[in-house]
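Hey, can you work out the whole structure from these sequences and the hints?
So the chains spell out like this:
2 protein chains.
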Amino acid sequence: MFGVTILGNNSALPAYDRHPTAQLVTLNEQLFLIDCGEGTQMQISRYRIRHSKIGHIFISHLHGDHYFGLIGLITSMGLLGREHPLNLYGPAPLIEIIELQLKVADTTLPFSLVFHPLEKEGLILDHPKYSVACFETKHRIPCWGFFITEKRNPRKIVRDKAIEYGIPAAFYDQLKVGEDYLTKTGEIISNELVTTPNLANSTYAFCADTKYTESIAEKVKNANLLYHETTYLKDLEERAITRFHSTTIQAANFAIKANATKLLIGHFSSKYEKLDEFLQETKAVFPNTELAIEGVSYRID
Amino acid sequence: MFGVTILGNNSALPAYDRHPTAQLVTLNEQLFLIDCGEGTQMQISRYRIRHSKIGHIFISHLHGDHYFGLIGLITSMGLLGREHPLNLYGPAPLIEIIELQLKVADTTLPFSLVFHPLEKEGLILDHPKYSVACFETKHRIPCWGFFITEKRNPRKIVRDKAIEYGIPAAFYDQLKVGEDYLTKTGEIISNELVTTPNLANSTYAFCADTKYTESIAEKVKNANLLYHETTYLKDLEERAITRFHSTTIQAANFAIKANATKLLIGHFSSKYEKLDEFLQETKAVFPNTELAIEGVSYRID
Numbered sequence: 005m006f007g008v009t010i011l012g013n014n015s016a017l018p019a020y021d022r023h024p025t026a027q028l029v030t031l032n033e034q035l036f037l038i039d040c041g042e043g044t045q046m047q048i049s050r051y052r053i054r055h056s057k058i059g060h061i062f063i064s065h066l067h068g069d070h071y072f073g074l075i076g077l078i079t080s081m082g083l084l085g086r087e088h089p090l091n092l093y094g095p096a097p098l099i100e101i102i103e104l105q106l107k108v109a110d111t112t113l114p115f116s117l118v119f120h121p122l123e124k125e126g127l128i129l130d131h132p133k134y135s136v137a138c139f140e141t142k143h144r145i146p147c148w149g150f151f152i153t154e155k156r157n158p159r160k161i162v163r164d165k166a167i168e169y170g171i172p173a174a175f176y177d178q179l180k181v182g183e184d185y186l187t188k189t190g191e192i193i194s195n196e197l198v199t200t201p202n203l204a205n206s207t208y209a210f211c212a213d214t215k216y217t218e219s220i221a222e223k224v225k226n227a228n229l230l231y232h233e234t235t236y237l238k239d240l241e242e243r244a245i246t247r248f249h250s251t252t253i254q255a256a257n258f259a260i261k262a263n264a265t266k267l268l269i270g271h272f273s274s275k276y277e278k279l280d281e282f283l284q285e286t287k288a289v290f291p292n293t294e295l296a297i298e299g300v301s302y303r304i305d
Numbered sequence: 005m006f007g008v009t010i011l012g013n014n015s016a017l018p019a020y021d022r023h024p025t026a027q028l029v030t031l032n033e034q035l036f037l038i039d040c041g042e043g044t045q046m047q048i049s050r051y052r053i054r055h056s057k058i059g060h061i062f063i064s065h066l067h068g069d070h071y072f073g074l075i076g077l078i079t080s081m082g083l084l085g086r087e088h089p090l091n092l093y094g095p096a097p098l099i100e101i102i103e104l105q106l107k108v109a110d111t112t113l114p115f116s117l118v119f120h121p122l123e124k125e126g127l128i129l130d131h132p133k134y135s136v137a138c139f140e141t142k143h144r145i146p147c148w149g150f151f152i153t154e155k156r157n158p159r160k161i162v163r164d165k166a167i168e169y170g171i172p173a174a175f176y177d178q179l180k181v182g183e184d185y186l187t188k189t190g191e192i193i194s195n196e197l198v199t200t201p202n203l204a205n206s207t208y209a210f211c212a213d214t215k216y217t218e219s220i221a222e223k224v225k226n227a228n229l230l231y232h233e234t235t236y237l238k239d240l241e242e243r244a245i246t247r248f249h250s251t252t253i254q255a256a257n258f259a260i261k262a263n264a265t266k267l268l269i270g271h272f273s274s275k276y277e278k279l280d281e282f283l284q285e286t287k288a289v290f291p292n293t294e295l296a297i298e299g300v301s302y303r304i305d
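If you're matching them up, the sequences are chains H and L in order.
In short: position in the first sequence from 1, add 4, done, that's our numbering.
In short: position in the second sequence from 1, add 4, done, that's our numbering.
Calculated from the structure, these hints are not laboratory results.
All of these numbers come straight from a predicted model, not from anything done at the bench.
Do not rely on the hints blindly, as some may be mistaken.
Since the list can't tell identical chains apart, any single copy or any two copies may satisfy a pair.
Mimicking DSBU-like on lysine-lysine, the simulated pairs with C-alpha atoms at most 30 angstroms apart in a straight line are [stated by the list, open to error]: (1) 266 to 278; (2) 107 to 215; (3) 142 to 107; (4) 287 to 124; (5) 57 to 278; (6) 275 to 107; (7) 57 to 275; (8) 124 to 165; (9) 124 to 261; (10) 107 to 261; (11) 266 to 223.
So, in C-alpha cells, the structure goes:
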C-alpha cells in the first residue's frame with residue numbers, strides 16, 4: 005500500500021475548517037509526515053492515525069503554515085512515552101527553534117530526534133524498499149520538495165514454477181532481483197523460467213510551495229502522483245508570481261511537462277470558500293486531476 | 005461587561021476535542037488573551053471572536069500547551085494587515101523564540117509587537133478602567149498567574165440630582181471620584197447629595213499551572229472569579245504534587261483560603277474523558293464552582 009492522506013490543504017490562514025499543510029504518506033507499514041502546520045497533531049487524532057508509526061518527518065520550508073505544529077507533535081510524542089527514534093528533515097534553522105523551545109520548557113525528549121538538515125538536492129533517505137530525494141523549489145525563502153519512490157524488485161516470482169524447479173525459498177530474494185539458480189547438480193535454472201517482470205517503481209512528488217518553474221518538472225519526471233500547489237485561481241496569475249505561488253493553470257501545465265500520471269492540487273488561499281473552480285480550471289488543461297481534500301487518502305500506484 | 009470566555013480547557017495533550025489552555029477576558033471593549041496553546045487561532049475563529057480587538061496577550065509560562073499557538077496567531081494578525089500595536093507579556097525567553105521564527109520566515113510584522121518580560125510580582129498594566137498584576141505560582145518552570153481588576157469609580161452619579169443642582173456634565177468625572185462641586189456663587193454642593201456609593205471593583209484571578217500553595221491565596225484575595233487548575237481528581241494527589249499540578253480538592257481549599265466568590269476549574273488531564281466528577285468533587289468542598297467549558301463565557305462581576 006502506497007498512498008497519501010491529506011491532513012491540511014489550506015494556505016497560510018486557516019479558514020472554513022481547512023488546515024495548513026500536512027500530508028501523511030503511507031508506504032507499507034511506514035508513515036512519513038510531510039509538513040506539519042499548526043493543529044496537525046489534532047488532525048492526526050481526528051483521523052485516528054497512530055503517530056507512533058511516523059518514523060520520518062519532512063519539512064519543506066520555514067513559513068509557519070508548514071511547521072508551526074511540529075513542536076507540539078514532537079512534545080506530545082514525548083509525553084506519550086515514545087522511545088524509538090524520530091528522523092526529521094528540514095532547513096537547518098529548524099533544529100535551533102526546536103531545541104530552544106525544549107530548553108525553555110526544561111524538557112528532555114524520551115526518544116532520539118535525529119535531524120538531517122536539507123542542504124543539497126538528491127537522496128536523503130535510501131532503504132531497500134523506498135527512497136526519498138529532495139529538490140529545490142522557487143519560493144520566497146529556501147524551500148524543498150520531496151520525491152518518494154516505492155522500490156519494486158525487477159522480477160516477481162511465479163511460485164508454482166519455482167517449486168516445480170525445486171528452488172529453495174531462501175533463494176527467492178535473489179530471484180526477485182533477477183539472478184539465475186544453480187542446482188546442486190550444476191544445472192542452471194534461468195530466472196525467466198520462474199519469474200515475470202514486476203511493475204515499475206511508484207513515485208510521489210510533493211512540490212511544496214513554489215512559483216511556476218518548468219525546470220523543476222525535470223526533477224519529478226513521470227511521477228505516478230504529483231502534488232502541486234494551486235494557491236490561486238487562474239485570474240490571479242500576477243499575484244501568484246509576486247508571492248511565489250502558483251495558479252490552477254500553472255499546476256496543470258507543470259503536470260504536463262513532468263509527464264505525471266495524476267495531479268493532486270492543494271494549498272488553497274483562504275480567500276476562496278468553495279474549491280470546485282480549482283478542479284474545473286485545472287482539469288480543463290490536465291484532466292486527471294484531483295483536489296486534495298482533508299481526511300481523504302489517494303493511492304499512489 | 006467583564007467576563008472570561010474559555011477557548012481551551014485541557015492539559016498538555018489535546019483530547020476529546022478539548023484544546024490546550026487559552027482564555028479570553030472581555031473588559032468593556034477590550035480583549036485580553038491569557039495563554040495561547042496550539043490551535044488558539046482556530047478556536048478564536050470557531051467562536052467568531054474578532055482577534056483585531058485583542059490588545060494584550062499574557063503568557064503564563066513556556067510549557068508548549070500554554071504558548072505554541074502564539075506565533076501562529078501573531079503571524080495571522082500580520083497577514084490580515086493589523087497595524088495597531090500588540091502588547092505581549094511573558095517569561096523573557098518568549099520573545100527570543102518569536103523573533104527567531106519571524107527571522108527564518110523572512111517576515112516583518114506590519115504592527116508593533118511590544119514585549120513586556122515578566123520579572124517580578126506586581127502591576128504590569130495600569131489603566132484608569134482596569135489593571136493587571138502578575139504573581140508567581142509554583143510550577144516546574146517559572147510560571148505566572150494574573151490578577152485582573154476592573155476599576156470602578158467610588159461613586160455613581162444620580163443624574164436627576166446632578167441636573168437639579170446645576171452641575172455641568174464636564175464635572176461628572178470628578179463627581180465619580182468623590183469630589184464636591186463649588187458653584188460660581190461659592191456654594192459647595194456636597195458629593196453625597198448627587199451620588200451614591202458604587203459597587204466595589206471586580207477581579208479575576210487566573211492562577212495558571214501550579215501545585216497547591218496556600219501562600220498564593222493571599223495574592224488573589226477576594227477575587228470575584230478565581231480560576232484554579234484541577235489537572236487531576238482527588239485520588240491522584242501524589243501525582244499532582246510530583247508534577248506541580250493540583251487536584252479538585254486542592255483547588256476548592258485554595259478558593260476557601262482566597263475567599264473567592266466563585267471558582268472556575270480547568271486544565272483537565274487528557275486521561276479523563278468525562279468531566280462531571282471534577283465538578284462533584286470540587287463542589288463538595290467549595291459549592292460555588294463551575295467547570296471551564298470551551299466556548300462558554302463566565303461573568304466576573
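Review point. Tell me, which hint numbers fail for this structure?
Key: 4, 8 and 10
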